[in-house]
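Undergrad: From first to last, the protein sequence lines stand for chains W and L.
Sequence positions in the first sequence follow our numbering and run 10 to 504.
Sequence positions in the second sequence follow our numbering and run 11 to 88.
To be clear, the hints were calculated from the coordinates, so they are not data collected in a lab.
C-beta: ideal position from N, C-alpha, C; glycine also.
Each hint should be verified, as a subset may be incorrect.
So the derived label-pair ranges between C-beta atoms look like this [as the list claims (entries may be wrong)]:
no., chain 1, residue 1, chain 2, residue 2, range
1, W, ASP97, L, ILE66, 29 to 39 Å
2, W, PHE235, L, GLU58, 31 to 41 Å
3, W, MET84, L, GLU37, 29 to 39 Å
4, W, ASP55, L, ILE57, 46 to 56 Å
5, L, ILE57, W, ASP64, 22 to 32 Å
6, L, GLU27, W, LEU42, 18 to 28 Å
7, L, ILE57, W, GLY38, 52 to 62 Å
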Amino acid sequence: MDNSIIYTATCAHRDYELHFSYTASKLLGSIILRIVETTLSNENHDLRNRVKSHDKAVAYIVHELRTPLSSSLYMLQNAIEDSELSPDVSESFLLPAKHSLKMLLCLVNDILDLGQINENRLKLTYQKVNLDKVIQEALDVVGILASYKKINLAFDDSKLPMNFSTDPNRLTQVLMNLLSNAIKFTDEGGSVAVSAEITQLSPCTVRISVKDTGIGIKEDDQLKLFQDYTKIDLGDKATMNSSGCGLGLNFANKIAMILGRGSEDRIRVQSKWGVGSIFSFCVVDKSAPISAFVESFESKAKDTCNDIDYNENFEENIRTHIQSQVEGELVYKKGMASLSYLEATKGPSNTKMLSVFSPKNDNENERSVIELSTRVKNKQIHRIQKRLTMLKKSGSEEFHLLDLPDSHSREQSVLPSIVVDTNLLVADDDAFSSYSMEVCLNSVGLKAHYCSNGEEACLLVEKKLESSAHTDPGYKVIFMDCHMPKMDGMAATKG
Amino acid sequence: MPYAEDGWDGSDKRIRELLRKKEGLSEQVVIIGTTAQNDEALNKEMIEAGMNEVVIKPIVKETVSQLFVKYNYFKQDS
Numbered sequence: 010m011d012n013s014i015i016y017t018a019t020c021a022h023r024d025y026e027l028h029f030s031y032t033a034s035k036l037l038g039s040i041i042l043r044i045v046e047t048t049l050s051n052e053n054h055d056l057r058n059r060v061k062s063h064d065k066a067v068a069y070i071v072h073e074l075r076t077p078l079s080s081s082l083y084m085l086q087n088a089i090e091d092s093e094l095s096p097d098v099s100e101s102f103l104l105p106a107k108h109s110l111k112m113l114l115c116l117v118n119d120i121l122d123l124g125q126i127n128e129n130r131l132k133l134t135y136q137k138v139n140l141d142k143v144i145q146e147a148l149d150v151v152g153i154l155a156s157y158k159k160i161n162l163a164f165d166d167s168k169l170p171m172n173f174s175t176d177p178n179r180l181t182q183v184l185m186n187l188l189s190n191a192i193k194f195t196d197e198g199g200s201v202a203v204s205a206e207i208t209q210l211s212p213c214t215v216r217i218s219v220k221d222t223g224i225g226i227k228e229d230d231q232l233k234l235f236q237d238y239t240k241i242d243l244g245d246k247a248t249m250n251s252s253g254c255g256l257g258l259n260f261a262n263k264i265a266m267i268l269g270r271g272s273e274d275r276i277r278v279q280s281k282w283g284v285g286s287i288f289s290f291c292v293v294d295k296s297a298p299i300s301a302f303v304e305s306f307e308s309k310a311k312d313t314c315n316d317i318d319y320n321e322n323f324e325e326n327i328r329t330h331i332q333s334q335v336e337g338e339l340v341y342k343k344g345m346a347s348l349s350y351l352e353a354t355k356g357p358s359n360t361k362m363l364s365v366f367s368p369k370n371d372n373e374n375e376r377s378v379i380e381l382s383t384r385v386k387n388k389q390i391h392r393i394q395k396r397l398t399m400l401k402k403s404g405s406e407e408f409h410l411l412d413l414p415d416s417h418s419r420e421q422s423v424l425p426s427i428v429v430d431t432n433l434l435v436a437d438d439d440a441f442s443s444y445s446m447e448v449c450l451n452s453v454g455l456k457a458h459y460c461s462n463g464e465e466a467c468l469l470v471e472k473k474l475e476s477s478a479h480t481d482p483g484y485k486v487i488f489m490d491c492h493m494p495k496m497d498g499m500a501a502t503k504g
Numbered sequence: 011m012p013y014a015e016d017g018w019d020g021s022d023k024r025i026r027e028l029l030r031k032k033e034g035l036s037e038q039v040v041i042i043g044t045t046a047q048n049d050e051a052l053n054k055e056m057i058e059a060g061m062n063e064v065v066i067k068p069i070v071k072e073t074v075s076q077l078f079v080k081y082n083y084f085k086q087d088s
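Chain W on its own, in the form it takes in the complex (with noise of 0.2 Å):
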């Protein structure tokens, strides 16, 4: 027998085995790598459900507070307003407690906050504002704090835009939270400094700082600043750090996020231990660019009357623009003004119409008016004035417009005092935020029917059908809570 052949014959089978070998605990190993895999990615699967089922049973517990917490803060606002009380209870008992509540209200307001944000589901309210008096605002509510620790609190009350786009209140929040920090990590007789500065022009990019004469923090704390529910250890000074839960900078990291252009303006912090920190962001003006400014004007541009967002950058924009688009001498009129133009030219049938509206702008509701005495035929006037003490009645700040039918009427008319025939149903679950709507309701001489679920309000509203007259639709008005048992205000709505 040839030696050679066997020894191949060996090698071959061995090459084999060891082959087969290799490929069988390749497999094997691939079996338990994939059943490792799934187990991690099952138990991973769990763990995310965990957690989101724990997210929202939070998040629907922190809702459940909000709605009583509420209530007792508007009942109490009315308790503390009643004349006959007497002042000694109003300021030994129900402002400290109107005090509490509000913070445990913010607190629960944060929480929500918070959820929305991490779930990209915040929405900020932008308007024009002018960020000197949002600084200003936020400064005056803070001032009695920092008062009562003889801090002086001052700001560079530089020349910043009046028309700035952004929403006051997530940014008034944000500069509360960097206020408030400064005075509580700062002795008595310290300073805590405002200041703002434009850093670019288009978009319009503010940056305000905060800085304080405080305790500073440490290099390696600053770290852990914008932590959720993280504290810093402040050793001796640890009783300046004993009030709040570590939420509020993170979430005003947040908010600064949004107002300005996402991560890269996060809200910068430069400290030096003992001897005090300096925190900044930046807020970038949210206007809409011209482009979808005039595409908004133009797809409105068949209505008698257009409404839209107020920017005094855009004016000159907008007539340049309207100019080339119409034939006809431009007028340009703005806030009373206008109003004044428009009772003397009794408003011609052929004029169209592109109101401005600026609420906040002075100190009265005034409404821009750029007028085009055009070939535009079939226009009309609205009836502006009609709307402007409607709006000045409601005390109306926010941008609000109400729906008048159109007319070539221009008669003066006024806001009225009584409610007649106003047949009210209010379904709500909750029994105090029942009690504190028929206190709301009843203020402004308003009475109404009550009931606690979906169900019912559909129950009563058909009953109340059945004994009206055909015409008659019963109730008017119902004020119907989203989340109530039996049947929630959605689906007794359905249509």
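Dock chain L against the given chain W, drawing on the hints supplied.
TA: Only chain L this time, still in chain W's reference frame:
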């Protein structure tokens, strides 16, 4: 019907549907959704269900006044 288990008989006795049976009545009734939370998705759902608008609780008298002005429920003084 998702409401049957809660005792709802599954009929069309929901407010907008009840009103629609009598021509023109549905448009006359204003349904204001109330909620404690400003949640865009929920607000959208409420509007889609047929509510005219959504307000955040607690509802204060200024809000009520504005709503009544908006929906012309104040009697006009001459």
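Undergrad: All hints, please: hold or fail.
TA: For each hint, the structure was consulted:
At about 34 Å, the beta-carbon gap between ASP97 (chain W) and ILE66 (chain L) stays in the expected band of 29 to 39 Å. Range check, PHE235 (chain W) to GLU58 (chain L): Cβ separation about 38 Å, and the 31 to 41 Å hint holds. Checked against the given bound of 29 to 39 Å, the beta carbons of MET84 (chain W) and GLU37 (chain L), roughly 35 Å apart, stay inside it. A hinted range of 46 to 56 Å for the beta carbons of ASP55 (chain W) and ILE57 (chain L) is inconsistent with their spacing of about 36 Å.
Under the hint 22 to 32 Å, the C-beta atoms of ILE57 (chain L) and ASP64 (chain W), about 26 Å apart, fit the expected range. Distance hint check: the CB atoms of GLU27 (chain L) and LEU42 (chain W) are about 58 Å apart, inconsistent with the given range 18 to 28 Å. ILE57 (chain L) and GLY38 (chain W) have their C-beta atoms about 56 Å apart, which keeps the hinted 52 to 62 Å range intact.
Checked against the numbered hints given earlier, the structure breaks hints 4 and 6 and satisfies all the rest.
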